[in-house]
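A.B. asks: Residue-level listing of the chains:
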Amino acid sequence: MKLSPPPYQPKNAFTRWLDDRLPVIRLWHDVMGKGYLVPRNLNWLWNFGVLAGIALTIQIITGLALAMHYVASSNEAFNSIEAIMRYVGFGWLIRYGHMVGASLFFAALYIHMFRGVYYGSYKAPREVVWLIGVLLFMLAMATAFLGYSLVWGQMSYWAAQVITGLFSVVPFVGEKIRIWVLGGFAPNAATVNRFFVLHFTLPFVILAVVGLHVWALHRQGSGNPTGIEVKKAEEVVPMQPYYIAKDLVAIGVFLLIFCSLVFFYPNIFTDPDNYIPANPFSTPAHIKPEWYFWPFYAVLRSFTVNFMGIPAKLWGVLGMGLSVLVWGLLPWLDNSPVRSGRYRPVFRCFFLLFMADILLLGFCGKQPAEEPWIRLGQWASLYYFAFFLVILPILPLVEKTKAVPSSVEEAEKKRTDA
Amino acid sequence: MLNLVRRIGFIRLVCLLAGLAMCFVLLWGAFQPRAKQEIDPAARYQKPLKSLKLPSDGLTGHFDKKQLRRGFTVFQAVCASCHGANQLRFQDLAEIGYSKAEIDGIRQEWINRIPDVDPNTGEALMRQPNRNDRITGPYYNPLGSQGIVTAPDLSLITKARKGGAAYVYSLLTGYESEPKEIAERYPQLKTPEGNFYNPYFKGLHIAMPVALLSENQVNYEDGTKASTDQMAKDVTAFLAWSAEPELENRHRIGIGVIAFLLVATGLSVVCCYRIWRKL
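Which chain is which? The protein sequence lines are E and A, in order. Under this note's numbering, think of the first position of the first sequence as 1, with each following residue one higher. Under this note's numbering, think of the first position of the second sequence as 1, with each following residue one higher.
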């Protein structure tokens, strides 16, 4: 049953006139205003979608300002960024804001995604919301990589080298593809230029896809921590003012963290090597990506042996690709009728282990490619794949779930009683 | 069996098999014997960085302009014979208290000439740097020193090395004679000809000779005694400034911004609480 929200009613002559011609206020009312009914029992984990949106906004605004001064050329890129930091008014704020913003964007995304896994947000009828979300995650990864390369420091250059090198595993035509992507045999002037064009364009694609994400979400309405669909008017509140007010608190805390980092620890996430200008003749001792790619980097490096005629490098690329794509399979991997992790005690254990496993993978990805980190990474990757592809499909067959209350109201009453 | 397939569903079965295959490959890899890892013996002699306190440390720290000037004096007299600070322009020295006349004096005597064209004859010439020219070193090559190992540019060095300012300070003051034990136990670690032993440098051997040799190597205009330690501290402070000239400003604005956000967030908490209380 869908609850019917109060329809938008223009209050004066102007809004009536506008509503007939361009119903933007109606759109706001339906999406963010009194016309969007939200379960009243959402916890703070439900704020991270909005926070990711805020981070995206920060990235686009600071990015536009940076693009006005950045010089996309292999000789000038590094120096032009330093010039922005030194000679553009508040250039250091724009640049550090963009740097820290990228990290916080991913932090918000990851929390948003883990929330989705734990509370079964990907399940029917919200599979498309989830799929678009995974697409957004992949777009964000591509954009982040391209942007990181634009700095044209040592790590930028060698990251571009390593990541484009992944194309070369394609049988027969791999090397040709790699050269085509780079515009040369190694990252060069043409590479900076095309990476800049793509890095500038993709955020607007992301913005459009965010629109689809929100659209799909509003078709079915927000889920909630109980995983039970709302049925009664007492179980929901209008977005405005309740969740607008709550989001404002979350945004305040988010900005506090953001500004503390930008103003006091702007380089906390960055490798010092990236303050050395790119040098094609000097390979850094340990090439590693930014923190948000460490888990996937660890998966890539975990495939160390040729197997079944497929070289280790190709296994690594397949494994890393699958480790991202597998998120998109979630709605079909897990067919437990119980949605929320609250009522799935066994799932909850495996999920907590999975969170720990991701942290371990990230830690391994950060380390140089040496023992014992490679072997540890292999075990961590093993659990990563086992969780998605083995445990989740089998679990519904064997798991004894807790009794799911009949309504959100009852579920929350039980929780407050306990 | 068929019943199990039906219960688990076709898609899940395919995924399950793919997952098991992935796990098997990883397992196979995990149990492969490993090549015996060589432990780099140089790491045993690497020393942890010395601690360095600069006036600009901390959230309320300030650059000590007198110290920065002393630091530039050292940079000019010692470092600049090999290194540049090419993210700085000569005019930037005004920020650490140099007057226009002083800056002109510095640039006219600078070690590097700038390739240019004579506006009257059209002939190539080497001219003195202008105020808005980069402070380059003698090996500066605007296209990058590709493939040739030269003295690194120092303008970003405290951001470009792990340990930052403490690393620069440790390195400058860290030259030692090579421990006898090395020659006995690890002949391959012997300092090569033309290199110098420095336990703060990765790999122990650095091509840079001892730079700060003796007391009063430079004359400080403010009368400070130029001990080697003092010179090292001063030039490190200067390099920390050259890497982050915005630091003071950034911290000052940051404190204001955080204070504002604390109030704003506090208000939003009150607002949120009052709105939800009515439910």
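Hints listed in this document are in silico derivations from the structure and should not be mistaken for laboratory results. There could be a bad hint or two in this list.
[Unchecked claim] List of simulated lysine-lysine pairs, DSSO-like, C-alpha gap at most 27 Å:
hint, chain 1, residue 1, chain 2, residue 2
1, A, LYS159, E, LYS288
2, E, LYS11, A, LYS278
3, A, LYS202, E, LYS288
4, A, LYS202, E, LYS313
5, A, LYS202, A, LYS159
6, E, LYS366, A, LYS278
7, A, LYS278, E, LYS288
8, E, LYS414, A, LYS162
[Stated by the list, open to error] Covered stretches of chain E (in silico footprint by chain A; criterion: 3 or more residues with CB under 8 Å from a CB of chain A, positions within the stretch not fixed):
hint, stretch
9, 178-184
10, 294-306
11, 325-337
For glycine and all other residues, C-beta sits at the position ideal for the given N, C-alpha and C.
A.B. asks: Now tell me if each hint is right for this structure.
C.D. replies: Comparing the hints with the structure gives:
Only pairs whose Cα atoms come within 27 Å are accepted, and A/LYS159 paired with E/LYS288 is accepted, the gap being roughly 17 Å. In summary, the hint linking E/LYS11 to A/LYS278 is supported, as the alpha carbons are separated by about 25 Å, within the 27 Å threshold. Restraint check for A/LYS202 and E/LYS288: the C-alpha separation of about 18 Å stays at or below 27 Å, so the hint holds. A C-alpha spacing of about 30 Å is found between A/LYS202 and E/LYS313, which places the hinted pair above 27 Å, so the restraint is violated.
Distance restraint check for A/LYS202 and A/LYS159: the Cα-Cα separation of roughly 17 Å lies within the 27 Å cut-off, and the hinted pair is therefore satisfied. Distance check on the hinted pair: E/LYS366 and A/LYS278 sit about 49 Å apart at the alpha-carbon level, beyond 27 Å; violated. Using a Cα cut-off of 27 Å, the hinted pair A/LYS278 and E/LYS288 is violated, with the two alpha carbons roughly 51 Å apart. Pair hint E/LYS414 plus A/LYS162 does not hold up; C-alpha atoms about 53 Å apart against a cutoff of 27 Å.
Look at the stretch 178-184 of chain E against chain A: 0 of its residues bring a Cβ nearer than 8 Å to a Cβ of that chain, fewer than three, so the hint is violated. Interface restraint, the stretch 294-306 of chain E with chain A: holds (4 residues with C-beta to C-beta distance below 8 Å; minimum three). Chain A is given as covering the stretch 325-337 of chain E, and this holds because 4 residues of the stretch bring a CB closer than 8 Å to a CB of that chain, at least three being needed.
Violation of the numbered hints given earlier is confined to hints 4, 6, 7, 8, 9; the remaining hints are satisfied by the structure.
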